[in-house]
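We have chain F already, so just place chain W on it with the hints.
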Amino acid sequence: MGSVKLPIDDVLHAGPPATPLVEAVLDLVRERIRARFGESALDWDAFALTAADDLVTREDIESVEARILASGHRFDWSARVSVTERPDAHKPDGTASEANTGFAHPEAPSGDADGDGKALRGLGDNVVRYPTDIVGQALYVRSNERVMELLSSGVPTGAIAIIDDSGGTLTAPIIDQFAGVVCAGGSVRSHLGILTREYNIPCLMNAKVAGIREGDRISVEVSAPAKTTEDYQKGVERVARVWVIGEAA
Amino acid sequence: MATTMTERDLVLHATAIKRHAPLPAIAHLAGLPEATAQAVIDQAVATGRVIEARGAYALTPLAGVALTARYARHFADVREDAAFVGAYEGFERINRTLKQIITDWQTLDIGGAKVANDHSDKAHDDAVIDRLGALHEQAEPILAKLASRLPRLQYYADKLLAALEAAEDGDPEWVSDIRRDSYHTVWFELHEELLRTMGREREE
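If you read the sequences in order, they're chains F and W. Reminder that position 115 of the first sequence reads as 115 in this note's numbering, one-by-one numbering, no gaps. Reminder that position 176 of the second sequence reads as 176 in this note's numbering, one-by-one numbering, no gaps.
FYI, nobody ran anything at the bench for these hints, they're computed from the structure. Where is the CB? At the ideal position from N, CA and C, for every residue including glycine. One or more of the hints may lead you astray.
[To be verified] Which residues of chain F face chain W? A partial, calculated answer using Cβ under 8 angstroms: (1) 21; (2) 129; (3) 148; (4) 195; (5) 228.
Next up, chain F with everything else stripped away, as it sits in the complex (with noise of 0.2 angstroms):
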């Protein structure tokens, strides 16, 4: 079938539609029906008049609502039921504010504040050494929205950045603001791994990390002996630490 054109496409000669989220609806459910229509080698009206009820299931469409979620999209919402029911798929009410305990890795260690009042929460591989470690409040960016945030209102001084995104594309627009990224996976061959090293950027990669909160104040052992491709190969555990020096506020 190819990039032929369906009946369903370029309907609206008029322009695309009013807002962004019923041209993402429409896109995604035009996607759903090409894919099910392609798979079901009938011609389009005997598609379209009878198949398409059968062929077309309930699961292409709550993926169509999937998707727009997991852009970072909420709904907004006329009844405060809906946001009970669904506190994911919503935006929040307003009436409790959202926690953000950030990442649990299940083998992140964890230890008491020691004397310098350090409490170890986590670990990584070291991108670069660096002559000394890093201090800088934990600022967790996982969603396009934070980015979109941040972008508009600018990265805060001295955060440190604590994400997922092992190939750089969601942070890229921002990351050069970044006063050091830690990163939960990759290896410090990742493009990540890549990017931070170009603009200079303190960077651990592969990190298991838990307990930190948003806003924390966190240091990180870049003074660490850099992770290798050889340390990869062989297997050699050689990891810098991440303490939370000072809760958030």
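For chain W alone, kept in the frame of chain F given last:
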């Protein structure tokens, strides 16, 4: 192959690949005059598809979702084209080598410890640029095959060659500097382009 992409989608697609870029860069990648791209961008900003921050433009999340859904039609032909898919898979294979070369470019081995390359060791740098040149020879037939199916992709072949030649001519910033269309910058964007074309996710 004929494209089904409108000027609007070419501009939104270029904005997505550039992630956060000023208008001339978006227009150039889209292959459109700046005035045309500017008109699309202005409309997109006014209707919540694109945001402007610090003189550069980025796609909003929902606009990204809609664009990705439209790829299913735009790229249906090449996704079914064995030669294109084979070339894409060839790119993914040499992408691993490229990442290692860039990593080696950025680091020096001092007494067994990897530290940031301050580019004081010209022999090390020249050796890495030689490896980049060898990699580019492997990339050329792949790039040619990709552009034979999607002529728009010639943009990347031209940009990669220009960056390599500039690096070989003695300006090492063209290897991986993020603030210009260095070899790594263009390669990264081509990877993003191909992942979108094929409907795949980046592994890391």
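Okay, the hints, checked on the actual structure:
1. Here the hint on residue 21 of chain F is kept, as its CB sits about 6 angstroms from the closest CB of chain W, short of 8 angstroms.
2. Restraint check, residue 129 of chain F versus chain W: the minimum CB separation of about 6 angstroms is within 8 angstroms; hint holds.
3. Given the 8 angstroms rule on beta carbons, the hint for residue 148 of chain F holds: about 6 angstroms separates it from the nearest Cβ of chain W.
4. For residue 195 of chain F, the suggested interface contact is upheld, since its CB lies about 7 angstroms from the closest CB of chain W, less than 8 angstroms.
5. For the restraint placing residue 228 of chain F at the interface with chain W, the shortest Cβ-Cβ distance is roughly 5 angstroms, inside the 8 angstroms limit, so the hint holds.
Of the numbered hints listed earlier, not one is contradicted by the structure.
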